[in-house]
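Number of protein chains: 2
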Amino acid sequence: MTIAKWDIFEHEIKADISGNPYLDAEFWGVFSQENRQIKVPGFYDGDGSFKVRFSPDQPGAWTLRTVSETPALDGSTASFDVTEAREGVHGPVGVHNRFHFAHADGTLFAPFTTTCYAWTHQPLDQQEQTLKSLECGAFNKMRMCVLPKHYPYNENEPLHHVFELDENGKYDPDSPNFEAFRHFETQIARLGEMGIEADVIIFHPYDRWGHCFWTEEQDFRYLRYLVARIAAHRNVWWSLANEYDFMLDVKPMDRWDRFFSIIEEGDPYRHPKSIHQGSPSNCYDHRKPWVDHVSIQHFDTVQTAQWRADYGKPIVNDEMHYEGNIIQCWGNISAEVLVHRFWMTVMKGGYAGHGETYSHPQDLLWWAKGGELRGKSAERIAFLRDIVEQDATHGLTPFEEIEGTKAWPSLGAARDGDVTYIYLAEHQPVIWSLGLPPEDGDWEVDIIDTWNMTITPAERVAAPVPVAIKHAEKTRGGKPDAAFGIVLPGKPYLCVRVRPKAN
Amino acid sequence: MTIAKWDIFEHEIKADISGNPYLDAEFWGVFSQENRQIKVPGFYDGDGSFKVRFSPDQPGAWTLRTVSETPALDGSTASFDVTEAREGVHGPVGVHNRFHFAHADGTLFAPFTTTCYAWTHQPLDQQEQTLKSLECGAFNKMRMCVLPKHYPYNENEPLHHVFELDENGKYDPDSPNFEAFRHFETQIARLGEMGIEADVIIFHPYDRWGHCFWTEEQDFRYLRYLVARIAAHRNVWWSLANEYDFMLDVKPMDRWDRFFSIIEEGDPYRHPKSIHQGSPSNCYDHRKPWVDHVSIQHFDTVQTAQWRADYGKPIVNDEMHYEGNIIQCWGNISAEVLVHRFWMTVMKGGYAGHGETYSHPQDLLWWAKGGELRGKSAERIAFLRDIVEQDATHGLTPFEEIEGTKAWPSLGAARDGDVTYIYLAEHQPVIWSLGLPPEDGDWEVDIIDTWNMTITPAERVAAPVPVAIKHAEKTRGGKPDAAFGIVLPGKPYLCVRVRPKAN
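Protein sequence lines, in the order shown, are assigned to chains A and B.
Under this note's numbering, the residues of the first sequence are numbered -19 to 483, in order.
Under this note's numbering, the residues of the second sequence are numbered -19 to 483, in order.
Just chain A, with the same shape it has in the complex (with noise of 0.2 Å):
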């Protein structure tokens, strides 16, 4: 058997094992390739089914052999063959250059998230739709929940069970439903064809199934269950939880730590983890080693810099309030609003989400459900995504860290290897130099219309003299911040960027 790199290799065992072997039935894939040897939880799939996956990251021969308590799941072998990846294969995800993150083959990842918390649990029609809407470019990473949801707009039953209902219509925490946990592997993996990564929350507050109520030993092995189902999918991340802090009286502060380590368990991809809070005052503290970037929910996007500085990790600004009409005011500001904060997000040196809001008859939400887009950021955000893209070579670095640049806090201006851009927010000056190379050169300046998403090159003019004077005998007086200024048209939401010249 071959697979290409970063692709699964599956290996299945029937054995006919008494009583629940979702319960009892322990195994171990190991996979060795020379004098390596990687070693990684199995799972049952019902009907008698065990699995175990791998996603190499190596080419070359492989083995597995399994090894298990249960005579039956123990000793059983196989070896593949693995080539190069596939076309467009990058690998998993993993944080990079401190504040980014990269595929494992070291392209850049600069993430640019949608929220659909429940897409998966719609009618298939709708996430044929869902996948279609995704086309748009906008979006490359995607969060989505493994249990269904029940809130406004929420409230349709899930295409599958995640777990057997009990008498009483709550899951059953010991008998998973190995149909949905398959439908939903579907989704990751058609997601990582497009290109899209699958921020899988694994927990959150929003429950009339009572998931809420498991137990610590419950919820260990529901976690230990999907770590080992969905660790070989290469574009998995891990969010322990939309809103974990709705949580806490139910599942206290010790139990979301030990989560963390559960997936380091049994995941030896070490895809980024990270834990979403409901209330400022209720963060997780995000410096804590086992947190790979900080998954934060807050509008105040020039926040973002001091962020970087507050954790020193990739700044993920996930809920950032959605673009939409309905009541709850994080699902009601405007597409011009969401896009400013997606440009400040970015442009202070961290990475930003959207989500639509729109009230509709059939409460059909892009953020609860998917299917159709219907606001006017998408667009603008695969506007902002093919910019950054074009010139990523670190990762954006915040003036706010750049010494020898004047940052201005409402301003959002930033570099990436020999390209700068200075994102001018609600300001808009008729004539700029702030950040513009202090000695001329073959520079490209263009001015970048964030909402119209138009790219002008820019007329220079004579450096002007922007320093503030300061009792004139004692300061530096009148010296240009830069080599030539810029003409610019008077209005709001511009972006500068300044590259060299291609040749």
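Simulated from the structure, these hints should not be mistaken for laboratory data.
Some clues are possibly wrong.
Remember, identical chains collapse to one label, so a pair may be satisfied in a single copy or spanning two.
To be verified - With a cut-off of at most 25 Å between alpha-carbon atoms, the simulated DMTMM-like pairs for lysine to aspartate or glutamate come out as follows:
(1) 112 <-> -8
(2) 471 <-> 429
(3) 471 <-> 316
(4) 268 <-> 383
(5) 471 <-> 352
(6) 386 <-> 280
(7) 386 <-> 225
(8) 386 <-> 229
(9) 471 <-> 343
Fair warning: this is a prediction, and the values are worked out from it, not measured in the lab.
With chain A fixed as given, assemble chain B onto it according to the hints.
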């Protein structure tokens, strides 16, 4: 002689005193009514003229006797009668209800500030134009510097030098130009007649005349002199500095503390005192007891409620960036953004400041020199001011401080008496209930379009259920927030106002 309450009684002594009376001749006036005595400093006004001024706060008979170690200034007497205040004169402003201001007669004063730093230093016809522009009704407080300003867009010579120039073109700290002070007082008085408070900025770093480098003794003398001259004007406020922290190298911190006490020693009217910083990291400690209100400079106006909590006194955000298009980021935001920041500040229980900085071929920028208002924010600020004043009873308290209300950080929701405002900022819901009355009743509910300046009665609908449902067994589930909802047009920058119907 008869004057009205809160007008100015002035007593003059002509005396030929050798040396420099500015340095050497101290005297005070002791103003008495029955068993009450108020001692105020006099001042030299040039040409052998010594004056002492007083603004009585009680009608009836008053007497004056001067005291001095200089015999020619000692023991001079006068008596005068004081009538009730003239129509429209409400007396000096002081802090009221902890976070607000009121005139001495109890009339609430909600400051709507504008800034024309050097308007009194411009040609007279331009000063007339400034006063004419102020008739727009947007502003009732003007920030203005005693000393002329040296800064980009502020390069012309002042109408009057405030001190005589020495041979190097620097101010001679021992030689005030009496004419300059008289002119400054005239303009304070004219603002007073228009109902506009003069927020007098005493020091600032933007200097080519050398006043930044004055010694402690020279600074103290200038300050005592200024207080003696102008404190009797009922509309004076004391702003120790614009951007005091940019002068800490030449005027260290203990001097700033002492400035406050010097004002207290010479100002029996206790006009509001504040100090204004440049950099957020160099904030003077506004919690010091001699600081009456916080004069802050910050663009991030959603923090206003937090500043109330931090400082426990009125918050006046005098510089939230200005409407304009110059290169400096503090001077190039759109009118839309400035109007939004005004609403946000006011609806979080603070007070806001305006300035206008449109580049102009002759550098005629309102913020610098007054003159003509060219922007679009002033008339909208007048609209806001009118709304606030219509229903002002105690001043606005933000939901953040009102038990039983639900604050949302990116909204500006507040209450004054039985009137509630919910400023929706960038939110654009099509249905709304937060902040609406929990019990039905005879309420008038209006939708205020803050940009288009319209007020429209709201259409009522059944109370929506905006409550987040969180593991359903344990929480209250779907109880509506309010007795009814309203329909909104789904556009940003609206404010919902709820007040009892007028009978």
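Comparing the hints with the structure gives:
1. 112 <-> -8: neither (33 Å within a copy, 87 Å between copies)
2. 471 <-> 429: Cα proximity of residue 471 and residue 429: in one copy and across copies (9 Å, 22 Å).
3. 471 <-> 316: both (14 Å within a copy, 11 Å between copies)
4. 268 <-> 383: neither (28 Å within a copy, 35 Å between copies)
5. 471 <-> 352: between (32 Å within a copy, 22 Å between copies)
6. 386 <-> 280: both (21 Å within a copy, 19 Å between copies)
7. 386 <-> 225: Between. Shortest inter-copy distance 19 Å satisfies the 25 Å Cα cut-off; intra-copy 38 Å does not.
8. 386 <-> 229: between (46 Å within a copy, 22 Å between copies)
9. 471 <-> 343: Answer is between; shortest inter-copy Cα gap is 20 Å, intra-copy 37 Å.
When held up to the earlier numbered hints, the structure conflicts with 1 and 4 and fits the remainder.
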